[in-house]
Amino acid sequence: MYKIVVNIKFKLVSKSEGETKKIAERVVKEFILEKNRCLVFLKGELGSGKTTFVRFALESLGIGEDKFKGSPTFTIVNEYENNIYHIDLYRIKSMDELIESGIYDYFEREGIFFVEWPEILHDKPNLLLEFKELGDSVREIYVYSS
Amino acid sequence: MILAFDTSCDDTSVAILKRDGSYVNLVSSQDEIHKKLGGVVPELAARRHSEVIAHLTKEAIDRAGLGLKEIEYIAVTVGPGLLPSLLVGVAFAKSLAYSLKLPVIPVNHIEGHIFAPFFKRELKFPFLSLVVSGGHTHLFLVKGIGKYRLIGRTLDDAVGEAFDKVARILNLGYPGGPVIDMLSKSGDPYRFKIPQGLKYEKSFNFSFSGVKTYVKNLVNKMGALSKTDIADIAASFQRASIDILLEKTVRASKELGVNTVSISGGVSANSYLRELFKKEADRQGFKAVLPSKEMTTDNALMIAYRASLDLTSATDDYSTIEANPSLSV
Numbered sequence: 001m002y003k004i005v006v007n008i009k010f011k012l013v014s015k016s017e018g019e020t021k022k023i024a025e026r027v028v029k030e031f032i033l034e035k036n037r038c039l040v041f042l043k044g045e046l047g048s049g050k051t052t053f054v055r056f057a058l059e060s061l062g063i064g065e066d067k068f069k070g071s072p073t074f075t076i077v078n079e080y081e082n083n084i085y086h087i088d089l090y091r092i093k094s095m096d097e098l099i100e101s102g103i104y105d106y107f108e109r110e111g112i113f114f115v116e117w118p119e120i121l122h123d124k125p126n127l128l129l130e131f132k133e134l135g136d137s138v139r140e141i142y143v144y145s146s
Numbered sequence: 001m002i003l004a005f006d007t008s009c010d011d012t013s014v015a016i017l018k019r020d021g022s023y024v025n026l027v028s029s030q031d032e033i034h035k036k037l038g039g040v041v042p043e044l045a046a047r048r049h050s051e052v053i054a055h056l057t058k059e060a061i062d063r064a065g066l067g068l069k070e071i072e073y074i075a076v077t078v079g080p081g082l083l084p085s086l087l088v089g090v091a092f093a094k095s096l097a098y099s100l101k102l103p104v105i106p107v108n109h110i111e112g113h114i115f116a117p118f119f120k121r122e123l124k125f126p127f128l129s130l131v132v133s134g135g136h137t138h139l140f141l142v143k144g145i146g147k148y149r150l151i152g153r154t155l156d157d158a159v160g161e162a163f164d165k166v167a168r169i170l171n172l173g174y175p176g177g178p179v180i181d182m183l184s185k186s187g188d189p190y191r192f193k194i195p196q197g198l199k200y201e202k203s204f205n206f207s208f209s210g211v212k213t214y215v216k217n218l219v220n221k222m223g224a225l226s227k228t229d230i231a232d233i234a235a236s237f238q239r240a241s242i243d244i245l246l247e248k249t250v251r252a253s254k255e256l257g258v259n260t261v262s263i264s265g266g267v268s269a270n271s272y273l274r275e276l277f278k279k280e281a282d283r284q285g286f287k288a289v290l291p292s293k294e295m296t297t298d299n300a301l302m303i304a305y306r307a308s309l310d311l312t313s314a315t316d317d318y319s320t321i322e323a324n325p326s327l328s329v
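Here the protein sequences come in this chain order: A and B.
Take the first sequence: its letter number 70 is residue 70 in our numbering, and every next letter is one higher.
Take the second sequence: its letter number 313 is residue 313 in our numbering, and every next letter is one higher.
Heads up, some of the hints might be wrong.
[Claimed, not checked] For each label pair, taking beta carbons as the anchor points, the in silico distance ranges come out as: (1) LYS93/A to ASN220/B: 37 to 47 Å; (2) SER137/A to GLU322/B: 36 to 46 Å; (3) HIS55/B to LYS9/A: 43 to 53 Å; (4) HIS55/B to VAL138/A: 47 to 57 Å; (5) LYS29/A to SER95/B: 31 to 41 Å; (6) LYS29/A to LYS227/B: 49 to 59 Å; (7) SER95/B to GLU25/A: 27 to 37 Å; (8) ASP136/A to VAL179/B: 26 to 36 Å.
[Unchecked claim] Computed list of lysine to aspartate or glutamate pairs in DMTMM-like fashion (alpha-carbon distance at most 20 Å, straight line): (9) LYS132/A to ASP156/B; (10) LYS69/A to GLU81/A; (11) LYS94/B to ASP317/B; (12) LYS11/A to GLU45/A; (13) LYS69/A to GLU59/B; (14) LYS193/B to GLU255/B; (15) LYS67/A to ASP156/B; (16) LYS216/B to GLU133/A; (17) LYS202/B to ASP66/A; (18) LYS216/B to ASP136/A; (19) LYS21/A to ASP156/B.
Calculated directly from the structure, the hints in this document are not laboratory data.
In this text, all values refer to a predicted model and were calculated from it rather than measured experimentally.
Even glycine gets a Cβ: it sits at the ideal position worked out from N, Cα and C.
Build out the structure end to end from the sequences listed, making use of the hints.
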């Protein structure tokens, strides 16, 4: 059984890390769980909360804090069990560089991909999350699903 | 004599370590090497590693004034790192070993960093090892070769990443470490109170993700920044982040009763860190060990050195040598 959700867009507001954690749980449950392949894009400025969100989403997927490998900005790809990937394309300048680096090959696999700074990709995500930091730890998270 | 390779991330590095301790250590991003190879190529490309590695190897052997016949072991980084990049080094090392009929020593890149400060120095256990770079902020208790206990780490961004991102917010370019270090010398490190993640938590864990949000908001609020403002932000950020690293590391050494403390990785090149670390060591009576500048960033000499500490891990069964991007210590 699965639900078909077309172009859902809604806005969630988080006022604390605790609330972000609940939002991440909800997003994982509604849009990511039980999928063989799910491409999740996370957009937003530096410090808008993308990595924190992924940390909580991974926790909902059974990867606890002790197994979390931290931000992938430097490593680019952090691989986890059950074909879960946390990818950060911040340091990659172009699609050519992505292909030359061999990193694009990852996207041909099955699995769940959390991709920060996905702007250079031409692929269409299953889920797009946009983060806005409004100060005083208030964040808006826009959710688009196709 | 050991010939070693490291292709775990951006740079390709080849080193030769002789039995008498003399060495050659080449890194693809070194200016002279860069010029020799010519052209501008993407920084981050597995293909670039494969184009560069053979040239670097030949250059290293020429500079060492030796022939291939004098190599006794081949050492290679097998992880952690970026898989496509690691594969290049591992495949090259194995092919060369096969053709020269030499044993291969697989090395963990992080262990390379852990031991780098002890190269040509007395190595005595136990010691505390803080590894700080773009990808790591990890504190280990090292009881022996292969005996490590992770006692603290970053829960989010690595400290080197925080340097890069603050530099980006201040429009200072990449990488951020050297330029922030330089600007901080003329800045006021007490002008801004930059957050120190998990400062009041008893654990030895760190958190640096709050820093970039704070600096970004600060910059937005201040509007047009003068040169003084930029230097002050850089200096305040540098002081806050280095202070928390040292504070927790020194506290760990006291609580665990460990008298030797080392810091390595790219951020250990930071001049404020080096100065303060030595000062604290004198004041608090522990032994501070820092790598030479050349050994702070990713390089193959530290891989050769780590390999030399345990030659029994050398093997002729190449099928057991595999790249593992998620390798831990």
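Item to complete: Measure nothing beyond the straight line between the CA atoms of LYS21/A and ASP156/B; if it is 20 Å or shorter, mark the hint as holding.
Response: holds (15 Å)
Worksheet entry | Given hint ASP317/B paired with LYS94/B - CA-CA distance at most 20 Å | holds (10 Å)
Discussion item. Check the hint pairing LYS67/A with ASP156/B against an upper bound of 20 Å on the C-alpha distance.
Written reply: The hint holds at about 12 Å.
Worksheet item: Given the hint that LYS69/A pairs with GLU81/A, does the C-alpha gap stay at or below 20 Å?
Response: holds (12 Å)
Fill in: Pairwise hint evaluation, GLU45/A against LYS11/A, where the allowed Cα distance is 20 Å at most
Satisfied, since the Cα-Cα distance of roughly 17 Å is no more than 20 Å.
Worksheet item: Has the hinted range 26 to 36 Å been met by the Cβ atoms of ASP136/A and VAL179/B?
Response: Since ASP136/A and VAL179/B have Cβ atoms about 30 Å apart, the given range 26 to 36 Å holds.
Worksheet item: At the C-beta level, are HIS55/B and VAL138/A separated by a distance inside 47 to 57 Å?
Response: Check passed, 53 Å falls within 47 to 57 Å.
Worksheet item: Regarding the pair LYS216/B and GLU133/A, is the alpha-carbon distance no greater than 20 Å?
Response: holds (10 Å)
Fill in: Pair hint outcome, LYS69/A versus GLU59/B [Cα-Cα no greater than 20 Å]
violated (36 Å)
Practice prompt. Take the C-alpha atoms of LYS132/A and ASP156/B, compute the straight-line distance between them, and say whether it is at most 20 Å.
Written response: holds (19 Å)
Fill in: Range hint 37 to 47 Å (beta carbons of LYS93/A and ASN220/B) holds or violated
25 Å Cβ-Cβ, so the 37 to 47 Å window is violated.
Item to complete: Sort out whether ASP66/A lies within 20 Å of LYS202/B, counting only the CA atoms.
Response: The hint holds at about 17 Å.
Hints 1, 5, 7, 13, 14, counting from the list given before, are not met by this structure.
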